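Here is how the chains run, residue by residue.
Number of protein chains: 4
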Amino acid sequence: TIQHIFKEIFKASLELQEDDHSKALLVSRKKKAEDTVVTVNGQPIGDGGQSFIVGPCAVESYEQVAAVAEAAKKQGIKLLRGGAFKPRTSPYDFQGLGLEGLKILKKVADEYGLAVISEIVNPADIETALDYVDVIQIGARNMQNFELLKAAGAVRKPVLLKRGLAATLQEFMNAAEYIISQGNDQIILCERGIRTYEKATRNTLDISAVPILKQETHLPVFVDVTHSTGRKDLLLPTAKAALAVGADGVMAEVHPDPAVALSDSAQQMNIEEFDHWINELRPLVKQKA
Amino acid sequence: TIQHIFKEIFKASLELQEDDHSKALLVSRKKKAEDTVVTVNGQPIGDGGQSFIVGPCAVESYEQVAAVAEAAKKQGIKLLRGGAFKPRTSPYDFQGLGLEGLKILKKVADEYGLAVISEIVNPADIETALDYVDVIQIGARNMQNFELLKAAGAVRKPVLLKRGLAATLQEFMNAAEYIISQGNDQIILCERGIRTYEKATRNTLDISAVPILKQETHLPVFVDVTHSTGRKDLLLPTAKAALAVGADGVMAEVHPDPAVALSDSAQQMNIEEFDHWINELRPLVKQKA
Amino acid sequence: TIQHIFKEIFKASLELQEDDHSKALLVSRKKKAEDTVVTVNGQPIGDGGQSFIVGPCAVESYEQVAAVAEAAKKQGIKLLRGGAFKPRTSPYDFQGLGLEGLKILKKVADEYGLAVISEIVNPADIETALDYVDVIQIGARNMQNFELLKAAGAVRKPVLLKRGLAATLQEFMNAAEYIISQGNDQIILCERGIRTYEKATRNTLDISAVPILKQETHLPVFVDVTHSTGRKDLLLPTAKAALAVGADGVMAEVHPDPAVALSDSAQQMNIEEFDHWINELRPLVKQKA
Amino acid sequence: TIQHIFKEIFKASLELQEDDHSKALLVSRKKKAEDTVVTVNGQPIGDGGQSFIVGPCAVESYEQVAAVAEAAKKQGIKLLRGGAFKPRTSPYDFQGLGLEGLKILKKVADEYGLAVISEIVNPADIETALDYVDVIQIGARNMQNFELLKAAGAVRKPVLLKRGLAATLQEFMNAAEYIISQGNDQIILCERGIRTYEKATRNTLDISAVPILKQETHLPVFVDVTHSTGRKDLLLPTAKAALAVGADGVMAEVHPDPAVALSDSAQQMNIEEFDHWINELRPLVKQKA
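Chains as they are written, first to last, in the working numbering: chain H, -5 to 283; chain A, -5 to 283; chain B, -5 to 283; chain P, -5 to 283.
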């Protein structure tokens, strides 16, 4: 029947359209079939192995960062996180140490031979950040801060881009496209939970996002288990799920003394908890092919 | 200061309250610390091992069900699913074969030595179902059909209860409480994805729900990867995640010829795909302690 | 270009498809252009005028219902609500007086010359309900309890169908189709808020649903401001919005002494508040054309 | 009993806490009871009257803007919107004319005696914008771009702040607090729909947000009906609802020839549609007390 023919044409054109669209994106696997390997301080991310990024939510002092760095190094971790510029819901919450925080991170990183990742929130600070960090983080609240994305795309430094609070995967990939279209393809995508009606967890970890992003893009994909769940008791099972589902790595927050942390005190592991966590996960980590 | 004291009292009473509430539920681990083992046809579920439930979305014919049963049996699977009463969004979609479907399931199950699980949608049909099924399924759309829950609680037959389309975990546990409070503690909880803004998947698999339900209740927890994702290409990675996160088992839809299936044709595996899927998962399955 | 042509065909077939689909539904305005007027006890609903349904969340006693009935009658309201069968999240919460509750409602309604609406939750109770209620309510949790919908469609009594907790408008219209396809076209649709991430209100009132449902179906549409918001302080502004947006009426809960109510105590108006509320709204009510 | 006492203390301290928190915010009505009136080009907003902001999604040319300005002026509207910097999901979509667009807006505004509102997306552009616009708009994607908020707070120019795509009302009020805490209290809040599972509308208009924001803050509140619904056929009923619910004004997009618009072509009214729309709404508009 005529209707049936229309339906077939309809389906064909639908696929054609979607095809078109995905092909147009530089982040798409249709544009580049092989995996992009992001190299951080000589360490590859996205080469088939799985790795970890740990560190305190916010940089508070040299001693605090150094304590985590020491624990991380002992466990063979190469990448240290720490917030210097903290985007906080309320203007009256601790906003981070700023440049001072970046300097502490850099000093500790140099002493322990680690690479450093830290969030930048103002396009004007991207240039400065180049001297201090090995990976620029763009946070969930800034995933569609296109000026910041363009600024991060204009430099030659790896970028870890977090999924927005309620971003679709299409929007997430398009946000990465803002960076890559400026010439910077050293991008790590990071699923960090999405906003849903369920409040048992801080956000809802969208575990399916990982295989979808791995299929549709050529970029490495991490899972931030701390912000996804907001619950220390879920960091181990969700990290296991992340490794099993095929993520290139897992990010989690560690603080020498979470009870006195200036932010996110309830959800950071202390050193002992971190040691237990990483020891449980180690047997599950895939090594580079 | 007085304010600080109030805050401490506040926190203490908050915990007290929550404590109270959870203690009151019969499904709560505070009420019963050890795991409930559900026994289906002599097979234990929730004893520390992990198992699978597979089968077609809807029962269509003896031949169709038998084909899946044969494949399932070959792979060592003990539990066969199949829909006889199908709750469908539109009244004009295929509504299932009803009692005829239950009879087909029973016949095939007997021939292949499998146990059978099928959804019941009317409290009046619970009694009839006892003669045909080994596990009564209560579907997502009926998670708060309290009359149906009470009817399922009044019989002595295992129940698999699916999480509602947009149910909170509190509501889910309370729905199970409707069953257990009638005297039936043979309940399997089943995470099947929740409704969110993200449309890349049919629903959003809430993987964190598994460890939360395992902590807060003593009941076995399954993950239905088919309805969570609605995408065949995600069945393998999400099943890996489910096993890794600690689920007691995984449910998935298998159809000998998905292209002609009367429902959910896009998301069911064919026999060959199923064989590949189960072979990939087998090494990850935890055996009974 | 060829691509452009494909896109045009694509759009045309898309519209054709959607057309098809809507045309198929008996609730669709494409199937029946003129408004359906539901007649309750001789009173028309959906004739262009706007009306109110008020009453307590749950029937607790003759005195309680009579107090509200008296207040309602004084204000010229014709339709009284009251829950006899209460679907509650926890099995340990007050479940309603059941048949006893229906008898109280009937007695009060007869004395005050009002029509009565009450929720039925079990298909087996639909027949019994015919003797006591003028409108059968099907609640949000049962919007996709298809057995109940079919039972309500098989009788000749008006039905007020509430939108499910997280139902799409397509699913809502299809649920109504389950009723109308059984031969009962006396259906009132009721928007009652949807489940979202925002917790400032109990649910999020989807005000746009009203004009969409009025456009796409020929059925009357009410707004339940009590369950939409769960906040007494929002009942007046949201009722104004509902009247302005074109709803056929507004439903709200009124209790002579909300503080001692057995359910929903925080969100019910007392008689004095109700009098103020209705007096503020009266000038905005559209009268039958 | 001891438990009951604890519960009472619990409730009391809960209220105390919430009280505390709200009192701390400068945007809170607890801090300032009377309404803030924002003065734009001598025109008051938030003085009890209701007004409109209309204009094209994006500034495309002098002729385009002038056509809308003429229509707006004829209808007695004082405030013209138009996007010069367009935050777009894809980097390959039209990004706006930038400074050139601001110049066109300024020229047209001067000729027609209108005030102009336009979105700024980079903190570095706030200073420049002062010469061209009467109200700085901060868009939904930038609601938690705290650097931009601080920059807008540091100048003496009214700001229209849109609610984020999936922002809670608490986050929205805190975002406004970032502006006011820098010394700028000339803030208009704008509800523009939130992201939910329902896709019948582009976003879900959260109409209850208006009375809540009016109660909890002293700031004027607008409703953007265009982005809330994304459907031209809903602009009239939702604008009626916005006026009825107590908004201080309504924003909508108007384009002389929507079919050729470079963005949002499906949801903008043409001049004729705009004239009809405003004529229908005029009788409902509340005049200054």
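Simulated from the structure, these hints should not be mistaken for lab results. Because the structure is a prediction, the values reported are computed rather than measured. Among the hints, a few may not be true.
Note: identical chains are not told apart, hence a pair may lie in one copy or across any two.
Stated by the list, open to error - Pairs of lysine-lysine residues, derived as DSSO-like cross-links and limited to a Cα-Cα distance of at most 27 Å, are as follows:
{"hint": "1", "residue 1": "K68", "residue 2": "K144"}
{"hint": "2", "residue 1": "K97", "residue 2": "K144"}
{"hint": "3", "residue 1": "K280", "residue 2": "K226"}
{"hint": "4", "residue 1": "K97", "residue 2": "K67"}
{"hint": "5", "residue 1": "K193", "residue 2": "K226"}
{"hint": "6", "residue 1": "K24", "residue 2": "K226"}
Could you place K97 and K144 in one of the four classes (within, between, both, neither) given a Cα distance threshold of 27 Å? Classified as both; 24 Å inside a copy, 24 Å across copies.
For K193 and K226, with the copy left unspecified, which applies at a CA distance of at most 27 Å: within, between, both, or neither? both (15 Å within a copy, 24 Å between copies)
Evaluate K280 and K226 at a C-alpha cut-off of 27 Å and name the case that applies: within, between, both or neither. both (24 Å within a copy, 24 Å between copies)
Have a look at K97 and K67 and pick one of within, between, both or neither, based on CA distance no larger than 27 Å. within (19 Å within a copy, 55 Å between copies)
Alpha-carbon proximity between K24 and K226, which holds within one copy, between copies, both or neither at 27 Å: Intra 38 Å, inter 20 Å, cutoff 27 Å: inter-copy only.
Are the CA atoms of K68 and K144 at most 27 Å apart within a copy, between copies, both, or neither? neither (37 Å within a copy, 41 Å between copies)
Hint violations for this structure: number 1 only, all remaining hints satisfied.
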